[in-house]
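Both chains are sitting in their own frames, so use the hints and assemble them into the complex.
Chains as they are written, first to last, in our numbering: chain A, 623 to 806; chain B, 8 to 196.
Hints in this document: simulated from the structure, not taken from any laboratory. Since we're looking at a predicted model, the values are computed, not measured. Possibly wrong hints are sitting among the right ones.
[Stated by the list, open to error] Straight-line Cα separation of at most 30 Å, DSS-like style, residue types lysine-lysine; simulated pairs: (1) Lys752/A <-> Lys134/B; (2) Lys97/B <-> Lys752/A; (3) Lys128/B <-> Lys734/A; (4) Lys54/B <-> Lys752/A; (5) Lys664/A <-> Lys184/B; (6) Lys103/B <-> Lys664/A; (7) Lys128/B <-> Lys664/A; (8) Lys128/B <-> Lys752/A; (9) Lys734/A <-> Lys54/B; (10) Lys664/A <-> Lys160/B; (11) Lys97/B <-> Lys734/A; (12) Lys765/A <-> Lys45/B.
[To be verified] Covered by chain A, per the in silico footprint, the following chain B stretches (three or more residues, Cβ under 8 Å): (13) 93-102; (14) 117-125; (15) 170-181.
[What the hints assert, rightly or not] Distance ranges between label pairs, derived from CB positions: (16) Glu89/B <-> Val744/A: 26 to 34 Å; (17) Arg707/A <-> Gly96/B: 34 to 42 Å; (18) Glu89/B <-> Val725/A: 23 to 31 Å; (19) Arg122/B <-> Gly770/A: 51 to 59 Å; (20) Ala165/B <-> Leu746/A: 28 to 36 Å; (21) Leu658/A <-> Met136/B: 28 to 36 Å; (22) Glu762/A <-> Leu126/B: 47 to 55 Å; (23) Lys754/A <-> Met136/B: 52 to 60 Å; (24) Val750/A <-> Gly96/B: 39 to 47 Å; (25) Gly96/B <-> Glu762/A: 55 to 63 Å; (26) Leu794/A <-> Glu89/B: 39 to 47 Å; (27) Glu67/B <-> Lys754/A: 26 to 34 Å; (28) Pro650/A <-> Ala190/B: 22 to 30 Å; (29) Gly169/B <-> Val750/A: 33 to 41 Å.
We put the CB at the ideal spot given by N, CA and C, even for glycine.
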Amino acid sequence: MSPAIVRYTRTSIALHWLTALLVIVTFPLGVYMHGLALSPFKLQLVSYHKWVGVTIFLLTVARLTWRIGHAPPPLPDSIPVWQQRAAQGLHHILYALLLVIPVSGWLMSSAKGVPVVYLGLVQLPDLVGKDKALGDMLEEVHKVLNFGLLALVGMHVAAALKHHFLDKDTTLLRMLPFGKRDGS
Amino acid sequence: MSPVLYFLPWFLLLASSAHALEFNEVQAGKSTITFAYKQMNVPMEGKFTRFSARIAFDPERSNAAQARIEVDLASIDTGFSESDDEVAGKLWFNAKAFPAAQFVSYGVRVLGGNRYEALGKFSIKGKSMDVSAPFTFRQEGAVAVFDGSFTLKRLDYAIGEGIWSDLATVANEVQVKFHIVAASSPAKK
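Chain B with its partners taken away, still in its complex shape (with noise of 0.2 Å):
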């Protein structure tokens, strides 16, 4: 063997473990965002089916990660028709007008072990607001794994209007869940 095809192996492992693998291409039908919420004090889970994300994670340069996530809301998911209309109606978001809520990144914070937190701006029905959300960062074969969480209050963007703010009935916390699971792709030049 000569030399060089016996060294060339190992050169290239050096090589692409000095370039992290950034992970980007995000696999949509792994993924979920589901979310969770208190009616009459009782635990209710929900998920919605349509959304795109758009991230770049190397957890060598987490600093420089970025995330784009929009979540189409007509697309919700309560286990009950009459709610998942309800809940696209103009008293909770509004989706004619407002059919999309996004989350975009502008930073991310390590605490330590896979444990990050994601900073960015959340809007819905028109509002913004900073929310942090804090995700675990698995790596699985060629893909990785974020699974992560916030918490916000509904009657803060608005969600749940009138009747339904009564905050006795449905609360005013909802936790939205994510677990994304991307691939890793050839760093762009």
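With the rest of the complex left out, here is chain A (with noise of 0.2 Å):
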């Protein structure tokens, strides 16, 4: 590798790949227990997903919180503007939906009459009252909202493999947790 990479920050990798852990374990985590009968075990799991899913909240204010002093590191000069500009957009969204999904969920909860106490040790308010129609409603939300995600970050995951399997380029390694270091 003859030019020196300029990868994203230790913090911004660390937070990255966090969420995208938690992304991969809730999601399905979701799916699974809407199809349970009730149980206790229902119960314990839809509470993990909702505690989840703020964590992914909190992780992704810190993550925006963190970019506005710590700059994306350029991408490879050899990819035109346009797939540029598409990947960033892309990142906006998927920000978008990183905050928006665990919101929808949160007011689905207090909608359906059943608080998010995150960690079984803070209470979140809610934002909208007891409500079955709303409740449903906003249970389709969730469930769009995620399966949009889904399709998105499959997308981001593509282009990511595509970068660096076909066009052999630096853009994944600019945030993979190993590797070496530039100076910077």
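Listed below in structure tokens is the structure:
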């Protein structure tokens, strides 16, 4: 590798992969628990799912705050400008979804009359009152947003792999947690 | 105005205050029986939509007060139809075999001010225990409002057996709250 790779900061890399891990865990958890018959196990899973969602929201706020002072490293020059713009747009939508999806779950919980108590310790306020019709509507919104996220994460991953294995550029290396850092 | 007509209303007023009102006509539509519990440490609430209550309460003679409340357990409304079905089932209320919960008072203690405590037997799922339910009495125009609660431990009555006996998921303590509105009727001879 001739040119030094300018990577994301260690903080950005850690927050990115932690968020990725939590999304990978809690998405199928949400689908799985939804199909379960009522049991203590289901009630536990639903609580864990909510806790992970709140954690993703908090991590995303932390990432965006960190990003203000730490601009992402530039993409390789070999990538056409329109693709760079598209990548940026996709990242912004992903950030938005990582904030909006937990909020939709929070509102759904309130509307269904089961407030969110983060880690079983901190009760989030109910921004909407108990309302079955609203709860069912928000459940649909939560679901649609999540399948939207799934599609966009698919594009995000496909693009990263395409750059790494087909274009053989440094796009993915900028975000990998291992490998040598340049002097910066 | 004749003296008789003049004094009659005063006489009636005195007579009625000497015989304080007894509140004994429960207004079911305005009364509620609700419950609160914790599930994964999340505060939850629900209610029973069918119950019958017979009470007789005269604040001047509270030691003679009586209450009998019967709750149709199948009328539970947890907010989730799946939970309602589960709770009516064998592991919880077993409502087919034990359709009703009952509270029958055997005494009222005066706590001071407008506060009292109803002492009685609470029966559910074939088990009966003594409970005491603090309540307040408030007169609003022609009706009396009784607000009170008591906390039971569900496992004392085998409510939520088997997999549900795990108290880390659904807590043992269940607070039962009652809001009873009753009008007074003429004293029975």
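*Go through the numbered hints given earlier and state which of them the structure violates, listing their numbers in rising order.*
1, 3, 7, 8, 13, 14, 17, 23, 24, 25, 27 and 28
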